[in-house]
Amino acid sequence: MLCASHAVYLVLRERRLTIDRLPGSMNRMDKHTFRLASFGVRVGTRLEGKIAREKLLTALETLSEPGRLAISLDGIEVLSGSFADEAVALSYARLITGEYGDRYMIIRSPVLEITEDLSSKLERRRMAMLCSSNDGWDVLGLLGTQMKETLALVIDRRETTAKELASLLGIRHNACLRRVGRLAELRLIRREEVGLAGPHHSYRFFSILNP
Amino acid sequence: MTRLTVKTIDQLLDGIVLRRSVQLDLSSVEFVDPYALLLLDLAVRYRRARQLPLRVQWPRSHYVCGWMDDMGFAKEVRSFRGSPLEPHLLTSSALQPITHISKEEDVSRLASAFDLRLSKRYPLTNESRNALVKVMLELFQNIPQHSNATGKVEDPHGLAAMQDYTDSIFLAVADMGIGLRGSLSLRDKLAPISDKGALKKVVFEGMSRFVDPGHGGELRRIAQLVRKWDGLLVIRSGEALVYMDVEQGDVYDVPFFPGVQIAVRLPRRVFGIEGAPVDN
Chain A
1 MLCASHAVYL
11 VLRERRLTID
21 RLPGSMNRMD
31 KHTFRLASFG
41 VRVGTRLEGK
51 IAREKLLTAL
61 ETLSEPGRLA
71 ISLDGIEVLS
81 GSFADEAVAL
91 SYARLITGEY
101 GDRYMIIRSP
111 VLEITEDLSS
121 KLERRRMAML
131 CSSNDGWDVL
141 GLLGTQMKET
151 LALVIDRRET
161 TAKELASLLG
171 IRHNACLRRV
181 GRLAELRLIR
191 REEVGLAGPH
201 HSYRFFSILN
211 P
Chain B
1 MTRLTVKTID
11 QLLDGIVLRR
21 SVQLDLSSVE
31 FVDPYALLLL
41 DLAVRYRRAR
51 QLPLRVQWPR
61 SHYVCGWMDD
71 MGFAKEVRSF
81 RGSPLEPHLL
91 TSSALQPITH
101 ISKEEDVSRL
111 ASAFDLRLSK
121 RYPLTNESRN
131 ALVKVMLELF
141 QNIPQHSNAT
151 GKVEDPHGLA
161 AMQDYTDSIF
171 LAVADMGIGL
181 RGSLSLRDKL
191 APISDKGALK
201 KVVFEGMSRF
211 VDPGHGGELR
221 RIAQLVRKWD
231 GLLVIRSGEA
241 LVYMDVEQGD
251 VYDVPFFPGV
261 QIAVRLPRRV
271 FGIEGAPVDN
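Just so you know, the sequences run in chain order A and B.
All residue numbers for the first sequence refer to my numbering, where the first residue is 1 and numbers rise by one.
All residue numbers for the second sequence refer to my numbering, where the first residue is 1 and numbers rise by one.
Since the hints were made in silico from the structure, they are not lab data.
Hints should not be assumed to be uniformly reliable.
Claimed, not checked - Here are some of the chain B residues that sit facing chain A, going by a computed Cβ distance under 8 angstroms:
#, residue
1, Arg109
2, Ser119
3, Leu232
As the list claims (entries may be wrong) - The calculated label-pair distances, taken between Cβ atoms and stated as ranges, are:
#, chain 1, residue 1, chain 2, residue 2, range
4, A, Asp30, B, Leu190, 21 to 29 angstroms
5, B, Phe204, A, Arg178, 30 to 38 angstroms
6, B, Arg55, A, Gly75, 36 to 44 angstroms
7, A, Thr145, B, Arg117, 41 to 49 angstroms
Quantities reported herein were computed from a predicted structural model and do not represent experimental measurements.
Glycine is no exception: its CB is placed at the ideal position from the N, C-alpha and C atoms.
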């Protein structure tokens with residue numbers, strides 16, 4: 001026999017879980033922080049990076065979908081390129097293959113200077129990653145000006161459509177679809193199918209920085 | 001020769017490596033920099049490994065002998081059959097003695113130990129300390145990661161040392177491994193490559209032995225950093241040497257020596273050091 005309060009709790013929990021898994025509820029995205037400083041304040045070698053990567057990917061995997069893992073550089077004094085590549089860039093490379101489903105990663109750093117070597121590694125791998133800092137946000141790695149402009153609009157609006165973006169950017173709908181499609185492939189924004197618009201799928205696009 | 005430095009050590013190396021019997025006369029030497037010290041250390045090991053005799057006349061200068069001893073050189077060449085390094089009475093200004101680097105697990109600890117030794121001598125800005133630690137992390141880990149990538153080198157003898165001068169901080173890192181040519185040759189399409197070609201590809205193009213684009217680029221970034229700070233960078237591998245300072249940057253032919261040897265000299269002002277001059 002369940003007591004009344006426990007039964008209510010279970011119903012509420014079930015409802016909450018259901019709500020959490022509802023598509024389109026970006027504000028209910030499962031959000032966690034992974035602190036890189038737990039591996040030392042000055043990191044480090046590729047060997048240390050490999051150990052960090054295993055833990056980082058485990059943390060990513062345990063997120064509910066949709067989910068976002070913020071890799072915090074708070075407390076880090078040195079982030080070497082070798083460590084950054086092994087721990088972060090290689091994890092991100094796996095994320096953008098779709099291996100981890102509807103999950104995302106961003107960097108959170110008090111200052112941008114510390115991310116220089118990570119940015120260089122992402123660039124070499126032709127990838128880009130969002131970084132939020134005390135000064136706002138930036139893109140680490142490689143991303144063209146037009147793509148960055150589109151990304152900025154998605155972040156600014158938090159949730160939008162290709163039609164709205166095309167109008168704001170003053171470009172054709174198809175061109176806009178290509179841009180947001182690429183941004184979604186790079187895991188810089190979240191794309192969600194909301195139905196059909198004629199013969200095509202219709203999508204909404206969400207910022208992963210401020211869901 | 002009165003000065004053993006990045007600019008003069010190759011003259012000496014030529015003789016040590018090529019001649020079957022050598023009298024190495026260092027008696028008039030009055031100054032040795034950490035890069036020359038590490039190369040001298042490795043050259044002695046090179047001769048010893050090949051059972052080639054080498055008779056050394058150590059510097060007459062008690063101060064230089066003292067510095068070499070305090071830098072751990074005497075201990076390094078202890079079992080070598082040459083005349084013993086003269087005992088010294090003076091206290092030298094040796095900063096960071098010769099340190100062996102063999103395992104990647106030790107790299108972070110060693111970089112921190114180097115940093116601690118420097119910061120005990122001077123109050124350094126956090127920014128400069130961290131930048132130097134980053135340089136050390138990359139240079140140190142290259143030894144376990146690359147110097148014996150073929151598995152054919154019995155012991156690549158990874159070494160590092162550091163010294164401060166009136167105007168600069170000098171870091172030297174050296175090994176006797178497969179060198180940059182040996183490393184890049186492991187990439188299929190780069191098999192017939194010269195030392196000069198390998199050096200250019202690594203330092204100017206950021207290439208590594210891995211096809212994976214995430215690997216490599218560290219030496220290129222260090223070169224950019226050193227240039228930004230108006231410092232000096234020397235990278236020697238096999239028969240080629242890159243010399244980069246504020247005025248010039250080019251690749252030169254040098255006598256063969258196995259492995260990779262690196263000198264990084266950074267102006268003291270980069271570290272915010274205003275203290276009393278120290279020289280050896």
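Right, here's what the structure says about each hint:
Because the closest C-beta pair between Arg109 of chain B and chain A is about 10 angstroms apart, greater than 8 angstroms, the hint is violated. Against a cut-off of 8 angstroms between C-beta atoms, the interface hint on Ser119 of chain B is violated, since the closest Cβ of chain A lies about 13 angstroms away. Contact between Leu232 of chain B and chain A, as hinted, is not supported at the beta carbon level, the nearest pair being about 22 angstroms apart and thus beyond 8 angstroms. At about 46 angstroms, the CB distance of Asp30 of chain A to Leu190 of chain B disagrees with the hint of 21 to 29 angstroms.
A C-beta distance of roughly 35 angstroms is found between Phe204 of chain B and Arg178 of chain A, which places it inside the suggested range of 30 to 38 angstroms. Checked against the hint of 36 to 44 angstroms, the pair Arg55 of chain B and Gly75 of chain A fails, with Cβ atoms roughly 55 angstroms apart. At about 46 angstroms, the beta-carbon gap between Thr145 of chain A and Arg117 of chain B stays in the expected band of 41 to 49 angstroms.
Checked against the numbered hints given earlier, this structure breaks hints 1, 2, 3, 4, 6; the rest are met.
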